[in-house]
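2 protein chains.
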Amino acid sequence: MSSTEDLDYPQIILQYSSGFLVSKVMFTACELGVFDLLLESGEPLSSDAIAVRLGTSTTGMERLLDACVGLKLLRVELTQEGALYRNTEISNIYLTKSSPKSQYHIMMYYSNTVYLCWHYLADAVREGRNQYERAFGISSKDPFGAMYRSEEEMLKFMAGQNSIWSICGRDVLAAFDLSPFSQIYDLGGGGGALAQECVSLYPNSTVTIYDLSEVVQMAKEQFVPPEEHRIAFHEGDFFNDSIPEAELYILSKILHDWDDDKCRQLLAKVYKACKPGGGVLLVESLLNEDKSGPLETQLYSMNMLVQTEGKERTATEYSKLLEAAGFGDVQVKRTGKLYDAVLGKK
Amino acid sequence: MSSTEDLDYPQIILQYSSGFLVSKVMFTACELGVFDLLLESGEPLSSDAIAVRLGTSTTGMERLLDACVGLKLLRVELTQEGALYRNTEISNIYLTKSSPKSQYHIMMYYSNTVYLCWHYLADAVREGRNQYERAFGISSKDPFGAMYRSEEEMLKFMAGQNSIWSICGRDVLAAFDLSPFSQIYDLGGGGGALAQECVSLYPNSTVTIYDLSEVVQMAKEQFVPPEEHRIAFHEGDFFNDSIPEAELYILSKILHDWDDDKCRQLLAKVYKACKPGGGVLLVESLLNEDKSGPLETQLYSMNMLVQTEGKERTATEYSKLLEAAGFGDVQVKRTGKLYDAVLGKK
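The listed protein sequences derive, respectively, from chains A and B. Everything in the first sequence is counted per full-length UniProt numbering, starting at 1 for the first residue and increasing by one. Everything in the second sequence is counted per full-length UniProt numbering, starting at 1 for the first residue and increasing by one.
Hints were generated in silico from the structure; no laboratory data involved. Check each hint, because a few of them may be wrong.
Which copy? The list can't say, so a pair holds if one copy fits it or any two copies do.
Claimed, not checked - In silico lysine-lysine, DSSO-like type, Cα no more than 30 Å apart, as pairs: (1) K141 / K320; (2) K337 / K72; (3) K346 / K72; (4) K291 / K97; (5) K72 / K291; (6) K333 / K72; (7) K345 / K291; (8) K320 / K333; (9) K275 / K156; (10) K320 / K156; (11) K141 / K272; (12) K97 / K72; (13) K346 / K333.
Based on the provided sequences and hints, a complete structural model is requested.
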């Protein structure tokens, strides 16, 4: 598309306008179980058959399926018996619940929680704070209190984070050679998918998931198999309770939830607990130094405004926070995917 | 991106997931007046200056501006006084309120009304009906009663439709030579932007906007200048009241609001009123015959589910509806933009 065409007809603006339609079509096909049914059935199905099996209207289902065809999430074949739909390969891998790389849970979190918070983006920008009160009628003073407002919400959030590590976990853990560190704490480790990637990638490591008591209970019940002896748990609030000694601390998507003061406070505490020769691994989505991108990270930084007290930062900003806490020899690795890695040493 | 990369890392799925973030960033920058301020100021401004002038938080505004840079809706320049932001050309033309091609009003309608209806897309697909009740607590029995539930909502809707015709109106009216028809009725002509395009493109034509009484009042007050003598008005409900005789009837984005029965009923009435040798021009977004796209039209058809009693249709489906009403010599012209044209003759 040349720039003259751009100006004569605003293709890009129309595309941005339809962004929420695209998101909701994909989320809804996931939520209703379209991709799961087509995976299980093993053969292409008609719109009517899918509607009956999933208990939906036929008029709604037919349009949903056709929009998924337009998004290349489904394929359609026009046969003598009518249109028959099947999954594309990418849908089988990422949009079915049972796949090891399933993104189903993060999509449900996006669709049912984040989408509604973002309805109040203009208010968030005006006020400079999160929008749980407008979206869900709950106090926004403690963002994690709001995010974990019910067992169901906590489970959705934890499962969602695990989805992300199923596609990004290996890259952030392989960004640096972490094999010298055998005793690792994953602060705010939640559902434990990153811890599991870690013990799988570094067979000599043990990882302790440090998180709020209710999160640890949920992780044990729902996510981390009891036979995984290289993963341990520690219940606590890392701002108010002590942090035990270890060789490496992972802070994965933690600092982005908090303002600079709280980050400094937490990193100082981590530095104090850390064994000499040990270190801290930050896993975050890094902004370019010149504010030009990446777009995903800029959007996530807005999401931090809408949902937390934090923001996304540049590599320089994270390095300064680490150095202010006492860490040195700071190294940065961009993975080319959503999340990057920053390592500081004591 | 090769298909192997696709399967290893679901770039397309991440992009679809972020679609609603992209929409809301653009809508919010419009709503807060960022593009208007940068157009008026005539010089690049800092994030802090913009926040002060627009009465928003600095932390929220900075991130909003940076995300707009990522979307190429703003440009940033890093100077000694810090980052300075300016509009891109496309933003000046399409995202400022004062521009003749402004899309501001349709974006406000999308952002504040359509976005919330779409939160309930899964329910819409399950139930096969619109979601005004869940989104706004109002009865969904009469979609236009719901859409026009307040003067403000009606104004937003009418202004939004006018935005669309400012970029697509000329193409749909020039798709066929309409100069033989001088006496034209625009049924459901709303805010009149298409009527204005029509009298400008066909100087010998007069166009009567036929719409509900309250819509006509609003069109006269807000949109159509009284000195435009080639545009007249007719107050009525085209399903329940009579339709006067004319040479050409325009039904622009009307049939897509209704099911096949109501379309047949309306077209039969139009055929009866139409002068011999006259015709009807349907302006709609046409689906491909093989259900493969266009994506925008598939998405709009889902929107018809969420907001109306209708759907988008293929050229063949519209031709059949026209022929069932008695119209012949049906011709179809795709414009390559959002809306296409179908002409039937009596």
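Hint check:
| no. | hint | in the structure |
| --- | --- | --- |
| 1 | K141 / K320 | within (27 Å within a copy, 59 Å between copies) |
| 2 | K337 / K72 | both (22 Å within a copy, 21 Å between copies) |
| 3 | K346 / K72 | neither (49 Å within a copy, 41 Å between copies) |
| 4 | K291 / K97 | between (36 Å within a copy, 27 Å between copies) |
| 5 | K72 / K291 | between (32 Å within a copy, 12 Å between copies) |
| 6 | K333 / K72 | between (33 Å within a copy, 26 Å between copies) |
| 7 | K345 / K291 | within (27 Å within a copy, 57 Å between copies) |
| 8 | K320 / K333 | within (16 Å within a copy, 60 Å between copies) |
| 9 | K275 / K156 | neither (35 Å within a copy, 62 Å between copies) |
| 10 | K320 / K156 | neither (34 Å within a copy, 48 Å between copies) |
| 11 | K141 / K272 | within (28 Å within a copy, 65 Å between copies) |
| 12 | K97 / K72 | within (19 Å within a copy, 35 Å between copies) |
| 13 | K346 / K333 | within (18 Å within a copy, 70 Å between copies) |
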